[in-house]
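Residue numbers (our numbering), protein chains in the order written: chain A, 1 to 674; chain B, 1001 to 1140.
Quick caveat, the hints were computed from the structure, so don't treat them as lab data. Check each hint, because a few of them may be wrong.
Examples of chain A residues toward chain B, derived with CB under 7 Å [as the list claims (entries may be wrong)]:
no.	residue
1	TYR50
2	CYS52
3	GLU62
4	SER78
5	PRO207
6	LYS208
7	GLY527
8	MET532
Here a beta-carbon is modelled for each residue, glycine too, at the ideal position from N, C-alpha and C.
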Amino acid sequence: MADEKKPQEPRVGVYICHCGTNIAGSIDIKELQDYARTIADVVVSDEYQYVCSTPGQTMIEEAIKEHKLTGLVVAACSPRLHEPTFRRASQEGGMNQFRFEMANIREQNSWVHMHDREGATEKAKDAVRMAVAKARLLEDLHPKSVPVEHAAMVVGAGVGGIQAALDLASSGIKTYLVEKSPTIGGRMSQLDKTFPTLDCSQCILTPKMVDVLRHPNIELMSYTEVESVEGYIGNFDVTLRKKANGVLTMEQAEARGIVGGGCNGCGDCEPVCPVIKPNPFELGMAPRKAIYIYHPQVVPLLYTIDFDSCVKCGLCEEVCGDKKAIDLEMQDELVTVKVGTAILAVGYEVFPIEKKTEWGYKRYDNVVSSLEFERLICASGPTGGKMIRPSDGEVPKKIGFVLCAGSRDNTGIGKPYCSRFCCMYSLKHAHQLYEKIPGAQSYIFYMDIRSFGKMYEEFYYRIQDEGAKFIRGRVAKIEEDPITKNLYVTTEDTLLGQPVNIELDMVVLASAVVPTEETNSVRKLFGVSQSMDGWLLEAHPKLNPCGTTTAGVFLAGVCQGPKDIPDTVAQAEGAAAAASIPIHVGEVELEPYFAMCIEEKCAGCGMCLDLCPYAALDLGKSEDGRTVMKVTEAKCKGCGTCGGFCPGGAIWMQHFTTPQIVAQIDAFLLGGEQ
Amino acid sequence: MSDEWKPKILGIICNWCSYAGADLAGSARTQYPPGIRTVRVMCTGRVDTLFIMKAFASGADGVLVSGCHFGDCHYLEGNYKAAKRMFLMKSVLKNMGIEDKRFRMTFVSASEGAKWAKVVEDVVNTVTELGPSPLKELEQ
């Protein structure tokens, strides 16, 4: 116990980082260093250009040995950036790593008070004094090692999730691939072709989908949602809701003793089903039955009953015959799996462009979204690949493409960000139009063309050469001729400075992308933050783009922010590599910020028990037979909610103890005297 | 200029949301007045009302506690529990003769650097308007 330790005379070293001019430009380093020397128990104070550099760290390591330091303060950037660096250096210098404390004089000082040198220097002095006050009281702590479950989970089976699952599984890790839809493939499976190579989307994706199904280390859980998540890195218990699909797989049928039964995807059930619903895979442009598959290439090839619309007439059951694959009474099933790490790849949704009323989407038949265009031009789409316009089935000759439809929009209706892949797919659409309809003319209304990727700019030139007309200007309004259903597009050609009014047969809106509805619930279950726009927040935008602030949870694909297929796949591979590291290492160290009970002070009132969100606390007997609080360290995550309320001050929150925090407060407010 | 009275404001902020938000304000070089000194805790649930009383007793002119938005707590519900305590704190301060405006709890997420800057500016302005803490006058 902490207070049993023999108190050591505190000897603190203070190291101040210039960070080039990042800190030194706004804070008087010399003054700060001189000041640090005057603080009680500071035995050495030095400064350096970049303390995080190798010479900087060596300087610290040597000082710890030379001055027999019991505490170390580095005044530099945020502990969220370099705390691990200096902890390592502390350890190398022979001091316990938890005796290190950082004073954040960059992110929360020099950078936010760039033009107030006096104010920033005074604030830095206080920050250093507060850090020393804490460092004087820091204790040796020892991180706890916990074993890591040799399994991972990927949530979302679009191309990102598929890639991540294949990589994890191929490195020998048991991988649960969880998908809310009955089939995998995500948005990419809805696309006709991909830019700039013009590969057929399904042709390159389907083999990967089949690989997922066949991989011995992947357990594909389609039509399944995450219900709850418990635990921490290495030991997540994830409860999944396997939604009732009303259809037995061959394995399920066998388990029920139905010999040779189960769904083999024959499709006999579909024609007899009397219920007709719009098919969401075809964006409502084609019908599906209550028992359905979205399209012929679905993986797994297994029919699904939509119980919301099923009338339970039993016709499908009848026609299924001896296979007995249909169970109209099937219920949702909850299963819990244990995984070491998880990757979220929950994708995106299309912005509801009808909100931009000036373009008439959903009011005018011939204004469609880009995703609808993909389905209309796709050989396996609702029109069998025949490009027709919705109002009359005629082949459109003049088509307009409106870029930034809801993106880069600061009106408050759309989204301020760039959706990143709309320029490129709109160029691709123009090309597809020429391929399908000889003599067709496309007009691309753009603000900028952002063709930033490998072979992208070249693709842009190609489309220009093919004859697409580019008009720079945001479309002000679209009006419909009520008789012909043709569209009048009004804009300004900002390069010519002239108004433009063109009559077109059809308009395609390159809609912005937004997080899916489920993104918010999934991120809360896994404890991941979101950015201003609702995308999942990476741990660091530059240095940790696949990680999150929740240890063991990683991100892949558009759920982290708009990106195209190559970027999604690349990030998925990165996330898979990152998620596999703790699993292959086999154990992780947890920060030892556990609550401890000072039994002499504990009255056994039990108020802390209800405060603990992790059920880590219990009442038990002390050695002298009194009722006292007991902590289960494996369950405690160190939030300190119990310690914040203990009426007897009996809870010792390691590394954030009451004496340490009070010392910081007093160091700030009472100056040097304590 | 240094003779001019400047408020002493203590901020106690959680590691996962508000501290990260305050860091983001820095990375984005959003400027705000240097009137606040922060103590980092893992969760606002850790904030004992004692810390706030101690701060005022030691001469703080204002205290800000800032954590994650409701529903976003890294520890599930620490911020709810903190918020409950903070409501209590406000009435205690009032009864002690300390204007309750001197104490605030806010919710700033890791992506709200600009909000952090605005919160600090607001708090500094509010406390500056109120003047030195009444406890200081009592001492003298």
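Here's how the hints hold up against the structure:
1. A hinted interface residue such as A/TYR50 counts as satisfied when its beta carbon comes closer than 7 Å to some beta carbon of chain B; here the least separation is about 18 Å, so the hint is violated.
2. Of the supplied interface hints, the one on A/CYS52 is violated, with its beta-carbon coming no nearer than about 16 Å to a beta-carbon of chain B, more than 7 Å.
3. The interface hint given for A/GLU62 is broken, as the beta carbon of that residue sits about 28 Å from the closest beta carbon of chain B, more than 7 Å.
4. For A/SER78, the interface hint holds, the least distance from its beta-carbon to any beta-carbon of chain B being 5 Å, beneath 7 Å.
5. Using the Cβ-Cβ criterion of 7 Å, the hint placing A/PRO207 at the interface with chain B is not satisfied: the shortest such distance is roughly 38 Å.
6. Because the beta carbon of A/LYS208 sits about 33 Å from the nearest beta carbon in chain B, more than 7 Å, this interface hint is broken.
7. At a threshold of 7 Å, the smallest CB-CB gap from A/GLY527 to chain B is about 6 Å, leaving the interface hint in force.
8. Of the supplied interface hints, the one on A/MET532 holds, with its beta-carbon coming within about 5 Å of a beta-carbon of chain B, less than 7 Å.
Of the numbered hints stated above, those contradicted by the structure are hints 1, 2, 3, 5, 6, listed in ascending order.
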